[in-house]
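Using the sequences and the hints given, assemble the complete structure.
Protein chains: 2
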Amino acid sequence: MSILIVGTLALDTIETPTDKAEQVLGGSATYSAFAAHSFATPIAIVAVVGRDFPEQYHQILKSIKLDLSGVEISKEHDTFAWGCQYRDNLNIRDTTFTHLNALQHFSPVVPEAFNNCQVICLGNLHPQIQSDTLSQVGDASFVACDTMNYWIQETPAELIQVLKTVDCLVINDEEALQMTDEFNLFSAARKILYLGPKSLIIKKGEHGAMLFVEDQVFIIPSFPISKVKDPTGAGDAFLGAMAGSLNYERHIGLDALKRAVVYGSTVASFCVEHIGPYELLNLTQSDITKRAKQFNGVTEWPVLSVLSPLA
Amino acid sequence: MSILIVGTLALDTIETPTDKAEQVLGGSATYSAFAAHSFATPIAIVAVVGRDFPEQYHQILKSIKLDLSGVEISKEHDTFAWGCQYRDNLNIRDTTFTHLNALQHFSPVVPEAFNNCQVICLGNLHPQIQSDTLSQVGDASFVACDTMNYWIQETPAELIQVLKTVDCLVINDEEALQMTDEFNLFSAARKILYLGPKSLIIKKGEHGAMLFVEDQVFIIPSFPISKVKDPTGAGDAFLGAMAGSLNYERHIGLDALKRAVVYGSTVASFCVEHIGPYELLNLTQSDITKRAKQFNGVTEWPVLSVLSPLA
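Which chain is which? The protein sequence lines are A and B, in order.
Position one of the first sequence corresponds to residue 0 (numbering that gives the first Met the number 0), numbered consecutively onward.
Position one of the second sequence corresponds to residue 0 (numbering that gives the first Met the number 0), numbered consecutively onward.
Hints were generated in silico from the structure; no laboratory data involved.
Keep in mind that the hints are not guaranteed to be accurate.
[What the hints assert, rightly or not] Computed, partial: chain A to chain B, Cβ under 10 Å:
| no. | residue |
| --- | --- |
| 1 | Pro16 |
| 2 | Leu133 |
| 3 | Leu256 |
[As the list claims (entries may be wrong)] Part of the chain B face toward chain A, derived, beta carbon under 8 Å:
| no. | residue |
| --- | --- |
| 4 | Asn88 |
| 5 | Ile91 |
| 6 | Asn183 |
| 7 | Ser186 |
| 8 | Val212 |
| 9 | Val216 |
| 10 | Ile218 |
| 11 | Pro223 |
| 12 | Lys228 |
| 13 | Trp300 |
| 14 | Pro301 |
| 15 | Leu303 |
From the three backbone atoms N, C-alpha and C, an ideal C-beta is built for every residue, glycine too.
Structural data, given as structure tokens:
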């Protein structure tokens, strides 16, 4: 049992209405790996960093025993760098800069020990890199895949090729609507499943997440958080925790996927409470279990048939 | 057991990307009463209509056996008229006109038979009209109250007086944020409960609804509807179905309120499938029960403890 995470390692600059943090360790692989980390399993990252990637960040990644043999260190380029600024309500994010740097020259190499891992997370990257990764691994894995507006618009053919081969596409609501030219998420979901992925998760930020498997739908709200500090990486943390949870399932059917959505949402709720990804490293299994139980309490229905004349 | 609904009877003009309907029977009292109607109980409307209110609409209201003795018919003014236009995604609505007409001269008179009703719905009206209604009824009732941006901004003192006396405020997410100057709905909810209402329901349209009672939170998504035709009146239908459900509860505690949110959401989901309010009159208890069960299936969690190492 193990998890392979292909994604970005980045240096982030994050501005919120109350905080500013520069050169924070970021990127989809960071958030996903940190989130999966609490689930205690071997995890490998496949990514690239540049010559400027701080030694301190190498040390952090090593300290949590990630397999980093698939992390390329470019001697010619800097690390992928990205900046963003959140508006007052933290729901609208403006990208302030994107320097691809080493990411432009990245060819994924999967460590041999992870050729037969249980779960693969294809973070948001060029669909060709996602395909190249899949071509190096065995068939048995459960493959969860993210993408973004840019790839939907610029590389639709390559993206559709990837979608045909993955078990679960995990995207946000805007991406789902853009991908299908729809206004309604349920219509969009049906179109996306038709494109090939065996299941679909649509993340809606503060409004929760929806799972689609064949004609089944599972919808959960977000865990109530009154002090959101920084939504950065919450979607990647969702993906990582999902992988952490699926890694232990004997059979990945509807209930296993529902549990993955629950744990994904739960860990994402911890992620947004702090700026940057570090707080995820402090999470214990007991923290996660405790919050998942509270979360269940928030969503659990009363018996409908006792008092109502409708029953 | 009976329900009193104070609100508007209106002539609506509704434009959606695919339809246009003029002079439709509308208003908060119409949608709330039609929604409550399926729950088979005596219902009175307190409202005003004008000299132009079509005889055909009088007949519709009479045909479903509403007590209309509290509906004033103005001989000097026309009926409240309101027009709106929805944008492509049906989530953004522009008001095209508002003619208050007879509504400007409205003093509510509660029919004597409803002085001791079980549930009162104070539809979105001037807070003074809401207070005047409450001063005419007994204490035993459960009072649910709606409001809107306009009253929050223009008559805050009168609104706060009403809030101190009601059992449940039922508003949408924008209104909750505006009322409290917050960006976060959970922080907003805490502030609103502090103002006086014993409980609070925040409706989030396609994203569901949240119930707050003391320190308890209950959140449900919206029932999946892929063909939304017209969101007009969905919030009022929610309120009416809520009242219909609460009318049968022996004790209105947390579980009863949760059931009210479930039935409110379920009936609202039927409302948005058709333009105007008429389809609500075709709803049977069996339609509602059936959809509520499907809805439960969409939100029900799997057991978390069986397969996960976190338990």
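Evaluated hints:
no.: 1; hint: Pro16; result: holds (9 Å)
no.: 2; hint: Leu133; result: violated (26 Å)
no.: 3; hint: Leu256; result: holds (9 Å)
no.: 4; hint: Asn88; result: holds (4 Å)
no.: 5; hint: Ile91; result: violated (11 Å)
no.: 6; hint: Asn183; result: holds (6 Å)
no.: 7; hint: Ser186; result: holds (5 Å)
no.: 8; hint: Val212; result: violated (12 Å)
no.: 9; hint: Val216; result: holds (5 Å)
no.: 10; hint: Ile218; result: holds (4 Å)
no.: 11; hint: Pro223; result: holds (5 Å)
no.: 12; hint: Lys228; result: violated (11 Å)
no.: 13; hint: Trp300; result: holds (6 Å)
no.: 14; hint: Pro301; result: holds (4 Å)
no.: 15; hint: Leu303; result: holds (6 Å)
In the structure shown, a violation is registered for the earlier hints numbered 2, 5, 8 and 12, in ascending order.
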